[in-house]
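Student: Chains as they are written, first to last, in this note's numbering: chain D, 16 to 397; chain R, 16 to 397.
Derived by calculation from the structure, the hints in this document are not laboratory data. It should be emphasised that the depicted structure is a prediction, and the values quoted were computed from it without experimental measurement. The C-beta atom is built at its ideal place from N, Cα and C for all residues, glycine as well.
If you only want the chain R side, here are some residues facing chain D, beta carbon under 7 Å, derived: (1) 203; (2) 280; (3) 284; (4) 309.
There are 2 protein chains.
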Amino acid sequence: MPTTHNSASVGIVQPQTAVFDQPLTLACGRVLTTYELVYETYGTLNAQRSNAVLVCHALSGHHHAAGYHSAEEKKPGWWDECIGPGKPIDTNRFFVVSLNNLGGCHGSTGPSSVNPATGKPWGPGFPPVRTRDWVESQARLADYLGIACWAAVIGGSLGGMQAMRWSIEYPQRIKHCVVIAAALKLSAQNLAFNEVARQAILSDPEFLEGDYQTRNTVPARGLALARMIGHITYLSDDAMASKFGRDLRSGSLGRGSEENVEFQVQSYLRYQGSQFSEKFDANTYILMTRALDYFDLALEYGNDPVAAFRNATCDFMVISFSTDWRFSPQRSREIVEALIAADRQVSYAEIDADEGHDAFLMPIPRYLDVFRAYMRRVGEEA
Amino acid sequence: MPTTHNSASVGIVQPQTAVFDQPLTLACGRVLTTYELVYETYGTLNAQRSNAVLVCHALSGHHHAAGYHSAEEKKPGWWDECIGPGKPIDTNRFFVVSLNNLGGCHGSTGPSSVNPATGKPWGPGFPPVRTRDWVESQARLADYLGIACWAAVIGGSLGGMQAMRWSIEYPQRIKHCVVIAAALKLSAQNLAFNEVARQAILSDPEFLEGDYQTRNTVPARGLALARMIGHITYLSDDAMASKFGRDLRSGSLGRGSEENVEFQVQSYLRYQGSQFSEKFDANTYILMTRALDYFDLALEYGNDPVAAFRNATCDFMVISFSTDWRFSPQRSREIVEALIAADRQVSYAEIDADEGHDAFLMPIPRYLDVFRAYMRRVGEEA
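The shape of chain D in the complex, shown without the other chains:
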């Protein structure tokens, strides 16, 4: 935690673990007999239990969304810009719940957990998990916490997909749905990037068909490559240009130089990849990208998102960012148009921002203002 204590921080937070013994039948048909979910909470649940907000994480996210785990921790949780006293998700007003999803690698039951049937890590044998399974397990977490209805379910990217699934699976348990930088389903290009990322992992000889954990190897190179590929799609061309341009880290582009030139952007990407590969699990990465690939909100509604959203009763806020090319504003407009056609209440903000898909994590004033204004309304109703 920075020594200059920021009053807008939730401060030191403590992860908690909820253990579930009631079997969970997944979309694939397989059953998890027991499982654990790691979560954090910020703010205080009110007497009516009406001010709870669920924050759903994206591809590589986890439960640690805000604050610090210790006074020594330098970086706060991943969405600290948006969660805290006076922030858009105002912890003076809301009781915020953030969890690590099933299949994750930050404490919730996933591929690196021990399979009770074998006494060994699940590894590649962990069942495939879909967005609807996450929603189901989040509903059980709500039961566990005594939350009958969320004031809002909120998420960016893959988190926004969970929020949309909530709105049609549990219409009575969600009052507001905030969908940021998301899409009704992945495009062919999105699928293609995920495939290359997975192939990078699968073709790492240390992946050992996913059995690396029991055989004491780590497919670090494959995971780093996967992250590098993903990272390019999170940033806009403009953001990369203004952050790095063609600046050199070493070497010279002049004549007479035989040394290999290294550009700043290249060294940055390699660093990001290598950092990520030290703290993320390869099987979880594969599981999460597959869940993203398979998400298709309207599939079982005859591919008609209007029909899908007719099941929803909550109000919606949809936000997109101008330079996001992973889930472009056009993809958000598809959500908005379907909601309007389904006669649902929806607010939509398209934010001018250079940061690409990553903008949803950034302190962009207009974004924070719009988000805060909407959440104020949510809070007044709660």
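Dock chain R against chain D, hints included.
Tutor: Coordinates of chain R only, in the frame set by chain D:
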């Protein structure tokens, strides 16, 4: 060659080899004492030797640009849509020269050639080659063929960069410069994609720091990954959507299916990657992407492309494609604006096309019409 003989084909063609014994000093300062260039020619050189056209290839290209090597060959050369009788580069009118660049892996001297000093393949010890070195070696090929001045130097993508370099390095030896889907230099995002592609190769354990050839391994997985990454950037989001959408190759997205789903786009990409890795050399891929990274037309002109183009005397044709996001129309407009400011003659066409960067290889009617019209003028002057 298809049995229904296409009269617009140059028919059966034969690669030839030019051997150079005059040492070539490369931009890096190292010297190639001897080297070979493999090339093909289509059409007939006229008596005045004034109708010769040089075609420069892109990242993974080679000398075989048109026609067939045998009656059994099913696919023609890579630019057969644009080279042939009555085609934009009309072989009834022009003598077309297409070569494999230095550092290539299709017969010209490159990393897989034998280093005369050691008797072993050059491998990773082959000197880094820049676009200006290619232009220099192409000028020597012109000498060898008795061509004092090209009617036109033409290229798409990295080929367009060679054409631009020709215009300012040898202004007296080029009458027209046709630059298709190119840029004055790579953006940070372009550099980033190239870096991930190279890292995929470098991190393949069979790459052996480039010494795979002498040690009888092939970094096929790394090269396939590199190609998959590149391939995504060659296609537009729209092209992928209309070609594949979310069509499945196997599995089901419905509930109850535990089998892994495979999307068509994913299987297509894997196929492209694996095909490429069987016929391309990894060291050449690294060399070519580095040449692309390092290309910066205006670097030695105080980063002023106007100053660079003031050295040119030829006329220019610049073509871009609306959905090309690798080298977008904006990048072509930068070329055009610099040419105008340098008081050079330039025609510019921005072609509406769904095919992304790959459009420059495709039979898109408006593209072919514009290209043909410009080349007719080139031919009339020749």
